[in-house]
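Visitor: Residues per chain are reported as follows:
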Amino acid sequence: MTNVAVNTYTHSVTYLADNILKSFKDIIRLSGLDPAKFANDWESNMRAIKTWLGTGDLEHVFLEVFDPRTNVLIVRWDIDIVYGWSGDGSFWTDTEQLKYAIRKAGVAPADATYDILLKNKPGRPDVPGWGPVAGRSTDGFVRHSLGSTIEHYGLGGSAAYWRKS
Amino acid sequence: MLTTDEAFRKFKSRLELNDKEQANASARQNEVRDYLDTKFAIDNSFLTGSYKRHTKTKPLKDIDIFFVLKESERHYRNKAPSVVIKDFYDALVEKYGKDAVRKQSRSVNVDFGVVVDADDNTDYRVLSVDVVPAFAAGDDYEIPDTDTGKWIKTNPKIHADKATAAHQAFSNEWKGLVRMVKYWNNNPKHGADKPVKPSFLIEVMALECLHGGWQGRFDYELQALFATLADRIFDTWPDPAGLGPPISDGMDNARKQRACDLLMAASREASVAINHARQGRNGEALAAWRALFGKKFPLS
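These protein sequence lines map, in sequence, to chains C and L. Per numbering that gives the first Met the number 0, residue 0 is the first one in the first sequence, and the count goes up by one each step. Per numbering that gives the first Met the number 0, residue 0 is the first one in the second sequence, and the count goes up by one each step.
Since the hints were made in silico from the structure, they are not lab data. Please read these numbers as outputs of a predicted model, since none were measured by experiment. Ideal Cβ placement from N, Cα and C applies to all residues, glycine included. Some clues are possibly wrong.
If you only want the chain L side, here are some residues facing chain C, beta carbon under 7 Å, derived [said to hold, decoys possible]:
#1 211
#2 223
#3 270
#4 274
If you anchor each label on the Cβ, the simulated ranges turn out as follows [to be verified]:
#5 L:215 to C:21: 17 to 27 Å
#6 C:25 to L:207: 19 to 29 Å
#7 L:260 to C:134: 22 to 32 Å
#8 C:58 to L:148: 37 to 47 Å
#9 C:68 to L:161: 31 to 41 Å
#10 L:233 to C:21: 29 to 39 Å
#11 L:233 to C:87: 26 to 36 Å
#12 L:82 to C:55: 56 to 66 Å
#13 C:35 to L:279: 29 to 39 Å
One chain only, chain C, in its complex shape (with noise of 0.2 Å):
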């Protein structure tokens, strides 16, 4: 039996991570920034997710889009990571919540950039090539949460997208 659920969890984080990096890349795309960038990095933030997933650490993965000369936010895209919802088994990827959600916050300049940024629970193991970062500043945004947008037997991913107020 512990054999079982052990492997069900793994399953779940392959999920999740899998489509946590699916669908920044479909707000990557849809927000008319270059995927370029997030494409070369896929492996390094797939095995960093999976981790951080994997032993419970990950709390928030975040799509920083800034100003690449100054430096300051221009929106963010959050997935709050969701761990024990009960559920009836059943599992989704929304993309057209997302998209939906894509259409309000609306297109980034043509020179923006992006980051990403993964936030875990204090005491989480290290991962090679990654190391503590400080986030931009979201002062002056506000954040609209969708809700559920990926969900994996339990194990989900809720999406959000901050706003200069």
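Following the hints, put chain L in place on chain C, whose structure we already have.
Guide: This is chain L only, laid out in the frame that chain C set:
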């Protein structure tokens, strides 16, 4: 079978004010006014609040009526707010009886004893009104607030203008969405205490939380609105007119945490309903929305 969009259109229509209800509200205003004219010097009276803004949900209860007092009653303004509330309460008890009349922090509630049927219908009658004593103060009004022991300023017109602007900016769907969330807030499944208090707070938060324009989907708008209300229920939400105390002062931290949990659960229920529809299980989707909102959400 109804599609999700058709069901929401029908639900929205069921929560809209109709002519019969407006006639009954007007009759109740006149009835109370005719009586209070025998007790106080009243300059004018008018229906106001969420009823007037068309953001009131069904069944229609606690409709605000402002009774603007004449200068000859100005002595009340120099006394504690509890004095005028008590005098209005005593006067209304004389006509409607003690069981039908209740003191509130800024008004006196009169319950007309209308029974709500199993489908939340009232035969187009209003259940109760909130009688609000008021004094004109320039373009604004001053009303008693027994919670703080002060007279506070308010301006129903500014509130109404902001709601109208938000409604227009949202392709005239904003008020319908607000009424739906208020209907959820009033659902008896939450027990004696509504999750969000006052329900006006939902409207104030929606001025900011419904943003980006109507993109055509009730299900996604409500899933996101519930989630965003949960996310931001701990923020301070000022009076949109910039006159009175913050609207969010009506709940302490424990109550905000309860509201947060219930709003988050509502967003989660919406996610499950959306997934049913995505999988082609339309009947289950409608049943899930009905379980979330209540009896006025249609199944057919």
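Visitor: Next, verify each hint and record whether it holds.
Guide: Structure-based check of all given hints:
Taking 7 Å as the C-beta contact cut-off toward chain C, the hint placing residue 211 of chain L at the interface holds, the least distance being around 3 Å. This hint holds: residue 223 of chain L has a C-beta 5 Å from the nearest C-beta of chain C, less than the 7 Å allowed. A hinted interface residue such as residue 270 of chain L counts as satisfied when its beta carbon comes closer than 7 Å to some beta carbon of chain C; here the least separation is about 4 Å, so the hint holds. Look at residue 274 of chain L: its Cβ gets to within about 5 Å of chain C, closer than 7 Å, so that hint holds up.
Between residue 215 of chain L and residue 21 of chain C, the C-beta spacing of about 24 Å keeps the proposed range 17 to 27 Å intact. Look at residue 25 of chain C against residue 207 of chain L: about 26 Å separates their beta carbons, and that is inside 19 to 29 Å. For the pair residue 260 of chain L and residue 134 of chain C, the supplied restraint of 22 to 32 Å holds, since their beta-carbon distance comes to about 27 Å. At about 44 Å, the beta-carbon gap between residue 58 of chain C and residue 148 of chain L stays in the expected band of 37 to 47 Å.
At roughly 36 Å, the beta carbons of residue 68 of chain C and residue 161 of chain L sit within the given window of 31 to 41 Å. A hinted range of 29 to 39 Å holds for the C-beta pair residue 233 of chain L and residue 21 of chain C, which are about 32 Å apart. Between residue 233 of chain L and residue 87 of chain C, the C-beta spacing of about 30 Å keeps the proposed range 26 to 36 Å intact. In this structure the hint that residue 82 of chain L and residue 55 of chain C lie 56 to 66 Å apart at CB holds, the actual value being about 59 Å.
One distance hint, 29 to 39 Å for the beta-carbon pair residue 35 of chain C and residue 279 of chain L, holds here, with the actual separation near 37 Å.
Checked against the numbered hints above, the structure violates none of them.
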